[in-house]
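Colleague: Read off the chains here:
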Amino acid sequence: MSHPIRLSLVIVVLLAGLLLAWGVVQAAPALQVSPGTSGISMLATPTPLPDQPAVVSPDISFIDSPTASCILPRANTGVCFMTWYYMYANADPNYIITMTVGIDDKARARYNGFFQTNMFVPSELMVFRVACGELGSGGNPNLGAIHNYVLRARDSAGLGAANYGTVFCPADEPARIFLPLLNR
Amino acid sequence: MRKIFIPLALAVFLLLSAFGALQVARGQILSGQNGEVVINTESQEDNTRQISAPEGTLLESGASDQPLISFIDSPTVACVQPDTTKNECFINWYYMAVSADPNYIISMTVTLNDFGFVSRYNGFFQTSMYVPNTMNPQGFQVLCGAPGSSGDPKWGKSYAYTLRARDSAGLKSANYGSATCPAYTP
Chain A
1 MSHPIRLSLV IVVLLAGLLL AWGVVQAAPA LQVSPGTSGI SMLATPTPLP
51 DQPAVVSPDI SFIDSPTASC ILPRANTGVC FMTWYYMYAN ADPNYIITMT
101 VGIDDKARAR YNGFFQTNMF VPSELMVFRV ACGELGSGGN PNLGAIHNYV
151 LRARDSAGLG AANYGTVFCP ADEPARIFLP LLNR
Chain B
185 MRKIFIPLAL AVFLLLSAFG ALQVARGQIL SGQNGEVVIN TESQEDNTRQ
235 ISAPEGTLLE SGASDQPLIS FIDSPTVACV QPDTTKNECF INWYYMAVSA
285 DPNYIISMTV TLNDFGFVSR YNGFFQTSMY VPNTMNPQGF QVLCGAPGSS
335 GDPKWGKSYA YTLRARDSAG LKSANYGSAT CPAYTP
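Residue numbers (our numbering), protein chains in the order written: chain A, 1 to 184; chain B, 185 to 370.
Pulled out of the complex, with its shape left as it was, chain A reads as follows (with noise of 0.2 Å):
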């Protein structure tokens, strides 16, 4: 091989290691990993390990849920509506992936995270009908209708927390309308 075409070489070789180690300092803090998404960095430094164990607390909260309540927008219809006054639950580091809402046994509601590491569902999207039932039926003499709720939240390590509880309904039903009885 000739002298000029060995030097070329040489110089390319060197030319192109300087703009490798260029790349791999610019794509450094690229390589960070972003909640949600799994990635090794071989670049990072190591996390330093803890100097005491590492005390077992999960990272999402209880279901905050204050104000489960039934209404009865108009008596005389049996028609009974239930609602929270808001439902909020917090998985941060982690997402939040869906909350749902069940009465009675059957799901009646589900919420889907969307690159949150929070949930917040306001009373407006969280109204179900059912029924009041009549006096008594729910074990209180005064109330109608008892129901059961199952709240749940899951995040995206897996985590997942739930509220139960039960709301008695206002008695309520259904109008009975007496037609007369008319002999021809």
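Simulated from the structure, these hints should not be mistaken for laboratory data.
Just so we're clear, the structure is a prediction, and the values are computed from it rather than from any experiment.
A few of these clues could be false.
[Said to hold, decoys possible] What follows is a list of derived Cβ distance ranges for each label pair:
id, chain 1, residue 1, chain 2, residue 2, range
1, A, Leu179, B, Asp267, 19 to 29 Å
2, B, Asn297, A, Leu159, 26 to 36 Å
3, B, Lys270, A, Ile146, 17 to 27 Å
[As the list claims (entries may be wrong)] As a list, the in silico DSSO-like pairs of lysine-lysine whose alpha-carbon atoms are at most 27 Å apart:
id, chain 1, residue 1, chain 2, residue 2
4, A, Lys106, B, Lys270
5, A, Lys106, B, Lys338
6, B, Lys270, B, Lys338
[Unchecked claim] Short, incomplete list of chain A residues facing chain B, as computed with Cβ under 10 Å:
id, residue
7, Tyr95
8, Ile96
9, Thr100
10, Ala107
11, Gly113
12, Gln116
Here a beta-carbon is modelled for each residue, glycine too, at the ideal position from N, C-alpha and C.
Guided by the hints, dock chain B onto chain A, whose structure is given.
Modeller: Okay, now just chain B, sitting in the frame of chain A:
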């Protein structure tokens, strides 16, 4: 001097050729369909969000790659069955928000892929747009579907959706996801 000049010129030529080939390849990767360039995209399970621009508006102008339009913030897509005696469910979002400051937001749209456009919100000299759930009264009515119609035996039908926003600089933001509804059992 002449001895070093020829190898140096040859080396620079080779490197420039390699760099040019890499740029062509990179351009082919970034160019999407319809002359759109995807600037930023993220995926998590079934959800994807993306920012795109017409080809040439950003990269060729020498501007920063940082897009001016934001991702659409659309937390908590709900599918609710208010009445178990009816095969009626309602899809809604807690809210939808996007910012394009200093550009104007031109429009934001909601598409349920099974039905097409179900709403369009037009900007009016505004650099951001916020759509609360109360602007979609009750939500968008769909069929709840039979148990297992989405693949999960506990749930009903699943609906894919697309949210899109566009700003006055031609930048676009889109969210792709799905809402799964409670099942209807007569």
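Colleague: So, for every hint listed, does it hold in this structure?
Modeller: Status of the hints after comparison with the structure:
no.	hint	in the structure
1	A:Leu179 - B:Asp267: 19 to 29 Å	holds, 28 Å
2	B:Asn297 - A:Leu159: 26 to 36 Å	holds, 31 Å
3	B:Lys270 - A:Ile146: 17 to 27 Å	holds, 23 Å
4	A:Lys106 - B:Lys270	holds, 14 Å
5	A:Lys106 - B:Lys338	holds, 9 Å
6	B:Lys270 - B:Lys338	holds, 17 Å
7	Tyr95	holds, 6 Å
8	Ile96	holds, 9 Å
9	Thr100	holds, 9 Å
10	Ala107	holds, 4 Å
11	Gly113	holds, 7 Å
12	Gln116	holds, 5 Å
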